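*Asks:* Below, each chain spelled out in residue letters.
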Amino acid sequence: MFQLTINARRYAVEAEPDTPLLFVLRDSLGLTGTKYGCGIGQCGACTVLLDGAATRSCQIPLESVGTQAITTIEAIEQDPVGAKVVAAWVGIEVPQCGYCQSGQVMAATSLLKQTPKPSEADIAGAMTNLCRCGTYNAIAAAVRQAAA
Amino acid sequence: MTDLTPLRRADRRQPVRNLSRRGFLGAASGALFLGISLRIEPAAAQARAEGPAAVAPKPGTRVAAFLEIRPDSSVRLLSPFVEGGQGINTGLAQTIGEELDLDPARFTVECAPPGPDYAVVNGLRMTGGSFSTRSSFEAMRRLGATAREMMLRAAAAKLAVPQDSLTTADGRVVHAASGRSLGYGELAAAALALQPRDDVKLKDPKAFRWIGKPVARLDMRDKSTGRAVYGIDIRLPGMLHAAVQHAPHLGTEPEAIANEAEIRAMPGVQAVQRLPGAVAVVADTWWRARKGAEALQVTWSKPAPDGIATVSAGFSSAAMLAALKGATEPGIPAEQAGDPDAAFKGAAKVVAAEYDAPYLAHAQLEPPSAVASFTPDGSLDLWLPNQMPELFQQIAAKTAGLQPDQVRIHSPMLGGFFGRHFYYGPANPFPQAILLAKALGKPVRVLWSREEEFGMDALRPLSFARFRAALGADGMPVALETTAVGEGPIGRWFGALFKSPVDSSVVEGLDQKPYAIPNRKLSYVKVPHPVTIAFWRSVGHSMNDYFYESFLDEIAQAGGQDPFALRLALLKDSPRHRTLLQAVADLAGGWKPGPFQAADGTRRARGVSMASPFGSETATIAEVSLKDGEARVHDLWIAIDPGSVVNPAIVKRQVESAAALGLSSTLLEQVVYEGGQRLARNFDAYPILDRDRMPRVHVAIVESGAPMGGIGEPGLPGVPPAVVNAVALLTGQRLRSLPLAKAHLSGA
Numbered sequence: 014m015f016q017l018t019i020n021a022r023r024y025a026v027e028a029e030p031d032t033p034l035l036f037v038l039r040d041s042l043g044l045t046g047t048k049y050g051c052g053i054g055q056c057g058a059c060t061v062l063l064d065g066a067a068t069r070s071c072q073i074p075l076e077s078v079g080t081q082a083i084t085t086i087e088a089i090e091q092d093p094v095g096a097k098v099v100a101a102w103v104g105i106e107v108p109q110c111g112y113c114q115s116g117q118v119m120a121a122t123s124l125l126k127q128t129p130k131p132s133e134a135d136i137a138g139a140m141t142n143l144c145r146c147g148t149y150n151a152i153a154a155a156v157r158q159a160a161a
Numbered sequence: 002m003t004d005l006t007p008l009r010r011a012d013r014r015q016p017v018r019n020l021s022r023r024g025f026l027g028a029a030s031g032a033l034f035l036g037i038s039l040r041i042e043p044a045a046a047q048a049r050a051e052g053p054a055a056v057a058p059k060p061g062t063r064v065a066a067f068l069e070i071r072p073d074s075s076v077r078l079l080s081p082f083v084e085g086g087q088g089i090n091t092g093l094a095q096t097i098g099e100e101l102d103l104d105p106a107r108f109t110v111e112c113a114p115p116g117p118d119y120a121v122v123n124g125l126r127m128t129g130g131s132f133s134t135r136s137s138f139e140a141m142r143r144l145g146a147t148a149r150e151m152m153l154r155a156a157a158a159k160l161a162v163p164q165d166s167l168t169t170a171d172g173r174v175v176h177a178a179s180g181r182s183l184g185y186g187e188l189a190a191a192a193l194a195l196q197p198r199d200d201v202k203l204k205d206p207k208a209f210r211w212i213g214k215p216v217a218r219l220d221m222r223d224k225s226t227g228r229a230v231y232g233i234d235i236r237l238p239g240m241l242h243a244a245v246q247h248a249p250h251l252g253t254e255p256e257a258i259a260n261e262a263e264i265r266a267m268p269g270v271q272a273v274q275r276l277p278g279a280v281a282v283v284a285d286t287w288w289r290a291r292k293g294a295e296a297l298q299v300t301w302s303k304p305a306p307d308g309i310a311t312v313s314a315g316f317s318s319a320a321m322l323a324a325l326k327g328a329t330e331p332g333i334p335a336e337q338a339g340d341p342d343a344a345f346k347g348a349a350k351v352v353a354a355e356y357d358a359p360y361l362a363h364a365q366l367e368p369p370s371a372v373a374s375f376t377p378d379g380s381l382d383l384w385l386p387n388q389m390p391e392l393f394q395q396i397a398a399k400t401a402g403l404q405p406d407q408v409r410i411h412s413p414m415l416g417g418f419f420g421r422h423f424y425y426g427p428a429n430p431f432p433q434a435i436l437l438a439k440a441l442g443k444p445v446r447v448l449w450s451r452e453e454e455f456g457m458d459a460l461r462p463l464s465f466a467r468f469r470a471a472l473g474a475d476g477m478p479v480a481l482e483t484t485a486v487g488e489g490p491i492g493r494w495f496g497a498l499f500k501s502p503v504d505s506s507v508v509e510g511l512d513q514k515p516y517a518i519p520n521r522k523l524s525y526v527k528v529p530h531p532v533t534i535a536f537w538r539s540v541g542h543s544m545n546d547y548f549y550e551s552f553l554d555e556i557a558q559a560g561g562q563d564p565f566a567l568r569l570a571l572l573k574d575s576p577r578h579r580t581l582l583q584a585v586a587d588l589a590g591g592w593k594p595g596p597f598q599a600a601d602g603t604r605r606a607r608g609v610s611m612a613s614p615f616g617s618e619t620a621t622i623a624e625v626s627l628k629d630g631e632a633r634v635h636d637l638w639i640a641i642d643p644g645s646v647v648n649p650a651i652v653k654r655q656v657e658s659a660a661a662l663g664l665s666s667t668l669l670e671q672v673v674y675e676g677g678q679r680l681a682r683n684f685d686a687y688p689i690l691d692r693d694r695m696p697r698v699h700v701a702i703v704e705s706g707a708p709m710g711g712i713g714e715p716g717l718p719g720v721p722p723a724v725v726n727a728v729a730l731l732t733g734q735r736l737r738s739l740p741l742a743k744a745h746l747s748g749a
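Those protein sequence lines, which keep their order, are chains A and B. Converting from the first sequence to this note's numbering requires adding 13 to each position, the first position being numbered 1. Converting from the second sequence to this note's numbering requires adding 1 to each position, the first position being numbered 1.
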């Protein structure tokens, strides 16, 4: 039995210790806003915040989460930075199919929490999630707007 | 029927070949796909008839099948189309809302279940071919106008005033004389019981409030907060999760499982089940199922040792390409004009080249899944990503041993599709979900891991074309001979529909060009692929416009012509295309091919191309430099003429999105087979365009007023040739095989 703190709520989870956090969230806890894309840390669709830092949850075994606070897309607007990011995403109309955008919003929130006024290089360094619809320019514009 | 004018006009432009998708959709109300009838029997599906006279409804006319008007005057729209990023939900809300007089923001849109009312793509229902808006625009306007008239009529009865004394104002019927008004929500029950009129007047386009405007998309908040529900997110009570291991060679079958007992004993595992071409492990969570599926030790039947007739032990993409190149027979004529033979005899110069493009994966970020649940009465609920609900309903019924009306198809939002979610036989997980749910007596969800998806996805076909051009003494092309070799998805999946042997999805982009080359011959040589092939965003245009427009630059070079000037000269008979070509040059600050030195010191060049995909016209310019042997694309300028548009903001983003995919295929993508197996099983080995490689994209919309064309796909085909033409100017290397990642580029 593992104890997790997700979106400021405590959960008890019964699963094998090597189960990726991604599938604990999606299948054990029903938090399906976090997406499965590749399972090997390449695409970033599964990005969540661990103690505020963007983390690809498909690469995090349940046993390694420990006491770190997990934030998922479901609660991102409760974070003032996350709320700004979402507002920019909606205002600029970033998503196309939208499937990768949970992860993109999480990555952007993490960036702006650590670097409120990011340079273009900071944005390029932090926003590495894949988007098959090619919304990269809109993503960068939304990050700039959220930082403004 | 006025709603299909663009399609009919396209037909009229095709004297030689009448079997393009435009043609087929123009004649296919009782279509046969894969031997399955899609003719919809209206009587059986007439559960929600509107009044006593309701019999076979004309698709797109029965208001109650589309609109649920709620007490607060908001609307739930059951859409004929599925939303997968293209913005169709918003476009429909604009189109219907315009005529209904209701703010599009008050619409929620869902993909409708199967039914005859939704066959609005000229008697068929599908989301594809960039058809949605252009095929349904007039019908959806009329639907909104018809519904508004029903509101007025119901209000006239309720208020006991003449109908012509009433007007509407954003969801309310207003009687100005008395100051009374009624909300649509208050009138809905009475209004929707009325017989719809079929002679309502549509608005004057000059009075449009929402059509043609950048109205806010409806799905942005849900997609920015994780609330949008995709097929992969469907969860049912008591549902089991299945993961599969597919046969390493397509077409082989499981023979023995060495460790079946061990797998059954793994935590949470409920069953190990043999399926056609696969073995499934079913468990209480997907991760447990997947661990089981990956641990399975399966002995598979043996593939054929060699050849390209099947995915044999020796099959490779290189062998397939060699077979395409080796097919040197003259082929079937697909288009002919003038006297090419005579023109070649009299030519001052002859240029020839061969081009090829690889198999491509869709690589949509949502891995495919399906949920099947049988109800106690034996009927079936099926949730699955799909672009054609009625087709999937028919095939699901066959798989389950049911009648089609015993299968309820649920079509969730798509996490990208790009052509992925048509029916492609073994590339669809839903038959596995049906078989497992039936065998286990519980709802079952099948989810393919990314690795299984890369192994099983239906592919854009590996393609090959051969060109020969005759140039006059003035350097202008006087004749062009083109041979397209291979097989396309139209022939594979819709072949039963066609009597003519020319596969439109193999030759589109090579035919019906606007250029004034007087003598032309286009031939098709069919060489079937053993692999599962697919529609892929812009289909035949995705490679053929690269082939043609690159070769056109070779013609320009051989004739000593500037590529832009040559195109302009060849477009002398088409003011629409000349205008568009000039528009893209203007957008790019004037045509300058280079090479030139950019402000940052890099050496750059620009390439130009044109394309005529899906009823729209595009002109594209790409600016490219080299870095570490790779092409770096800095800017793409794309002018698109789709005739007219519903939402310019959505159009621009769709063009940018299509351009990104086109660039991805130009630079990076290829599915490689060796030893009968695909080498890449995830994004580490099948790289797709990342943020670092994304150029600026500048889009200009030119509304010529021509019949409405498509939007979702047309931004793509011009990108590969524009980039490759720029690379040729920069390096002197003419790259006739994609992706560019195969070549190390160096400056001339």
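Hints in this document: simulated from the structure, not taken from any laboratory. Note that this is a predicted model, so its numbers are computed, not measured. For every residue, glycine included, the Cβ atom is placed at its ideal position computed from N, Cα and C. Heads up, a few of these hints could be off.
Which chain A residues face chain B? A few, computed with CB under 8 Å, are given here [what the hints assert, rightly or not]:
#, residue
1, F36
2, C51
3, E87
4, Q91
5, V94
6, V103
7, P108
8, C110
9, S132
10, A139
11, M140
12, T141
13, N150
*Asks:* Under 8 Å, Cβ to Cβ, is where C51 (chain A) needs to be relative to chain B, so tell me if that hint holds or is violated.
*Replies:* C51 (chain A) check passes; min Cβ-Cβ to chain B is 5 Å, inside 8 Å.
*Asks:* Under 8 Å is the threshold here; is the Cβ of Q91 (chain A) close enough to any Cβ of chain B for the hint to stand?
*Replies:* violated, 11 Å
*Asks:* Quick one, is the P108 (chain A) hint okay against chain B at 8 Å, beta carbons?
*Replies:* holds, 4 Å
*Asks:* Against chain B, run the beta carbon of C110 (chain A) and see if the smallest gap drops under 8 Å.
*Replies:* This hint holds: C110 (chain A) lies near chain B, its Cβ roughly 3 Å from the closest one there, short of 8 Å.
*Asks:* Given a cut of 8 Å on the nearest C-beta pair, is the interface hint for E87 (chain A) held or broken against chain B?
*Replies:* holds, 6 Å
*Asks:* So, F36 (chain A) near chain B? Judge it on the closest CB pair being under 8 Å.
*Replies:* With Cβ-Cβ at 4 Å, under 8 Å, it holds.
*Asks:* Does T141 (chain A) hold up as a contact with chain B if the rule is Cβ-Cβ below 8 Å?
*Replies:* With Cβ-Cβ at 7 Å, under 8 Å, it holds.
*Asks:* Return the status of the interface hint for N150 (chain A): holds when the least beta-carbon distance to chain B is below 8 Å, violated otherwise.
*Replies:* Check passed: Cβ of N150 (chain A) comes within 6 Å of chain B, closer than 8 Å.
*Asks:* Minimum Cβ distance from V103 (chain A) to chain B below 8 Å?
*Replies:* With Cβ-Cβ at 5 Å, under 8 Å, it holds.
*Asks:* Let me know if the C-beta of S132 (chain A) comes in closer than 8 Å to any C-beta of chain B, holds or violated.
*Replies:* Interface hint status for S132 (chain A): violated (15 Å vs cutoff 8 Å).
*Asks:* Against chain B, is V94 (chain A) within 8 Å by beta-carbon distance?
*Replies:* Violated, because the Cβ-Cβ distance from V94 (chain A) to chain B comes to roughly 14 Å (cut-off 8 Å).
*Asks:* For the hint on M140 (chain A), just tell me whether its beta-carbon gets within less than 8 Å of chain B.
*Replies:* Cβ of M140 (chain A) sits 6 Å from chain B, so the hint holds.
This entry does not satisfy hints 4, 5, 9 and 10, going by the numbered hints stated previously.
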